[in-house]
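K.L.:
Based on the provided sequences and hints, a complete structural model is requested.
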Amino acid sequence: MTLLSVINEACDIVSLDRFDSVYGTSDPNAQTMVALAQEAGGEIARRGDWRRMLKTLLISASPELLPSDYQRLAPGGPVRTADGRCFRLVTSEAQWAVIAAVASAEPYCHLRGKEMLLLPAASAGGATADYFSKNWVIGDPYEERDVFRADDDTTLFPERLLAKGLIWRWKRQKGLPFEDNLAEFEADLLQEINADRGTT
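So the sequence shown is numbered by numbering that gives the first Met the number 0: it starts at 0 and just counts up by one.
In case anyone wonders, no lab produced these hints; they're calculated from the structure. Among the hints, a few may not be true.
In silico DSS-like links for lysine-lysine, alpha-carbon gap of 25 Å or less [stated by the list, open to error]:
1. K54 x K133
2. K54 x K113
3. K113 x K133
Listed next, with one range per pair, are the computed distances between beta-carbon atoms [as the list claims (entries may be wrong)]:
4. S91 x R17: 49 to 55 Å
5. G23 x E114: 35 to 41 Å
6. E105 x Q172: 49 to 55 Å
7. A149 x D179: 27 to 33 Å
8. R159 x K113: 32 to 38 Å
9. P74 x R17: 36 to 42 Å
Please read all numbers here as calculations on a predicted model, not as lab measurements. Idealized CB from N, CA, C, for every residue including glycine.
P.N.:
In structure tokens:
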């Protein structure tokens, strides 16, 4: 499915005429649909740990600059030394200051702004970090980004979620009852997240 086909599927449910094109058109309904699809897609991308959005960062030194598409670290020991040991993630700046002041053979990791800091520094070379990208849209040619730019853009998560997220948002904006559609979206989102993890 594409952005255009998702929006047209939603139009069938909310009783709007289908569109020949939605991106860049002056039709206010099409513009609203694109804006709501962008909002829904951003939420879906943030709420799930989608395998297709999982990336690996090869680390050469500390500090390591985080990639421009970085959103968050993957759960469960995402930063590993070259020999496979997991870095302990330190979230507090105060704790990091204490750890940095004491020599330790145990590997530690701390995120500060757009940098990843690793101790001991020698453990950084050859380390890897698994993270989730903020990019959830696929354009043509195969270009990942976090915004829609064309009618034929697709998503890195199941597009049917985008249609369901779009439907309840449209109804809410128009002052129509949307609670059933929201509940259906939430149930399907949970089901798809579990299916993506392989736990259903």
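K.L.:
If a hint holds in the structure, say so; if it does not, say that too.
P.N.:
A quick look at each hint next to the structure:
{"no.": "1", "hint": "K54 x K133", "result": "holds, 10 Å"}
{"no.": "2", "hint": "K54 x K113", "result": "holds, 16 Å"}
{"no.": "3", "hint": "K113 x K133", "result": "holds, 14 Å"}
{"no.": "4", "hint": "S91 x R17: 49 to 55 Å", "result": "holds, 53 Å"}
{"no.": "5", "hint": "G23 x E114: 35 to 41 Å", "result": "holds, 38 Å"}
{"no.": "6", "hint": "E105 x Q172: 49 to 55 Å", "result": "holds, 52 Å"}
{"no.": "7", "hint": "A149 x D179: 27 to 33 Å", "result": "holds, 32 Å"}
{"no.": "8", "hint": "R159 x K113: 32 to 38 Å", "result": "holds, 35 Å"}
{"no.": "9", "hint": "P74 x R17: 36 to 42 Å", "result": "holds, 41 Å"}
Taken one by one, the earlier hints all hold for this structure without exception.
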